[in-house]
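Top line first, the protein sequences correspond to chains A and B. FYI, in the working numbering the residues of the first sequence are 1 to 128. FYI, in the working numbering the residues of the second sequence are 1 to 121.
Just so you know, the hints here were simulated from the structure itself, not pulled from any lab data. Fair warning: this is a prediction, and the values are worked out from it, not measured in the lab. Some hints here could point you the wrong way.
[Stated by the list, open to error] Chain B stretches covered by chain A per the calculated footprint, using a threshold of three residues with CB under 8 Å from any CB of chain A: (1) 6 to 17; (2) 30 to 38; (3) 66 to 78; (4) 87 to 101.
[Claimed, not checked] Calculated Cβ distances over 12 Å to all of chain B for the following chain A residues: (5) G19; (6) V55; (7) W63; (8) V85; (9) E94; (10) I97; (11) V98; (12) I115; (13) S124.
[What the hints assert, rightly or not] Taking beta-carbon pairs under 10 Å as the criterion, some of the chain A residues facing chain B (in silico): (14) I44; (15) L83; (16) I121.
Every residue, glycine too, gets a C-beta built ideally from N, C-alpha and C.
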Amino acid sequence: MRGGTELGRVRGLGSAKEGAHHWWNQRVTAAGNLVLMLWFILSIARLPAYDYATVHAWMASAWVAIPMALLIVSVFWHFRLGLQVLIEDYCHHEARIVSLLLLNFFTLATAAIAIFSILKIAFSGTPA
Amino acid sequence: MHVRWPITMMVSIIHRITGDGMALVGTLLLVWWLAALAAGPANYEGFQWLFATWQHGVLGYVVGVGLTFSLFQHIASGIRHFVMDAGAGYELKGNRAMAWMTLIGSSTATILFWAYLLGGK
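Just need the whole structure built from these sequences, with the hints factored in.
Here is the structure:
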């Protein structure tokens with residue numbers, strides 16, 4: 001079990017030159033998602049009503065807008081890693097490269113819309 | 001050809017389906033909901049009409065139950081992966097039991113969530 005050069009072993013990146021970063025980032029974001037998504041689903045369940053005024057006032061609070069923005073970062077990072085594995089398993093050659101590019105565009109575009117929306121609500125909401 | 005479907009394999013496949021399903025359907029819905037809420041009452045009420053009013057809210061129930069079950073199942077299965085990442089739970093009997101527990105736990109959580117939402121509040 002001593003393949004490669006000594007420098008290669010020190011770098012610890014393996015033959016794919018990626019190391020364990022993909023695996024590790026998926027676990028770190030999974031832990032973040034566990035806390036943030038449980039908070040989100042329980043908060044949604046406990047809302048007294050789901051009309052515009054109630055939900056908008058709820059989202060405008062810093063106690064909601066900030067974890068919501070963190071949720072977008074953690075969850076979207078996590079799903080980008082997961083979809084990448086799906087693409088790598090089922091798409092090959094040119095289709096893989098195009099799919100991975102589209103995945104990056106999809107993730108960044110949806111994340112930008114989500115975070116802009118949260119901030120717009122938070123900064124235009126009526127102060128408590 | 002005889003194909004066996006052990007529970008551990010099924011839960012692994014379900015982890016991928018629920019994860020990638022939420023990544024596509026869940027993401028688009030979450031972003032749509034946030035954008036509608038930021039755009040104003042008219043937009044938000046359009047979103048509400050589609051998912052809560054149209055045809056007695058059938059879209060909201062189907063997508064809602066699907067997404068909540070997916071979330072609870074992916075969380076339970078993810079915790080199972082954390083246990084296995086730590087090097088535990090590889091005994092065949094215990095591993096199978098853990099796989100079953102993710103399905104039982106997520107089904108129970110989904111039923112409790114919707115019971116609370118529809119009747120318990």
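Status of the hints after comparison with the structure:
With a cut-off of 8 Å between beta carbons, the region 6 to 17 of chain B has 1 residues touching chain A; three or more are needed, and the interface restraint is violated. Three residues within the 8 Å Cβ limit are the bar, and the region 30 to 38 of chain B against chain A gives 6, so the coverage statement holds. Requiring three or more residues with a Cβ within less than 8 Å of a Cβ of chain A, the coverage given for the region 66 to 78 of chain B holds, as 4 such residues are present. Counting residues of the region 87 to 101 of chain B whose beta-carbon sits less than 8 Å from any beta-carbon of chain A gives 0, not enough to reach three: the coverage restraint is violated.
Distance check for G19(A) against chain B: the nearest CB is about 16 Å away, which clears 12 Å, and the non-interface claim stands. Chain B draws V55(A) into its interface by the beta-carbon criterion, the shortest separation being 6 Å against a cut-off of 12 Å. Even its closest Cβ contact with chain B, about 17 Å, leaves W63(A) beyond 12 Å, as expected for a residue assigned away from the interface. Under the 12 Å C-beta cut-off, the non-interface status given to V85(A) relative to chain B is violated; the minimum distance is some 8 Å.
Here E94(A) stays apart from chain B, with its beta-carbon at least about 22 Å from theirs, past the 12 Å limit. For I97(A), the condition that its CB be more than 12 Å from all CB atoms of chain B holds, with the nearest at approximately 19 Å. With a least CB separation of 17 Å from chain B, V98(A) remains clear of the 12 Å interface cut-off, as annotated. Not every CB of chain B is more than 12 Å from the CB of I115(A) (nearest about 9 Å), against its label as outside the interface.
Against chain B, the non-interface label of S124(A) is violated: not every CB pair exceeds 12 Å, the least being about 8 Å. Interface hint status for I44(A): upheld, as the beta-carbon distance to the closest one in chain B is roughly 9 Å, under 10 Å. For L83(A), the interface hint holds, since its Cβ comes within 10 Å of a Cβ in chain B; the closest pair sits about 5 Å apart. For I121(A), the interface hint holds, since its Cβ comes within 10 Å of a Cβ in chain B; the closest pair sits about 5 Å apart.
Checked against the numbered hints listed earlier, the structure breaks hints 1, 4, 6, 8, 12, 13; every other hint is satisfied.
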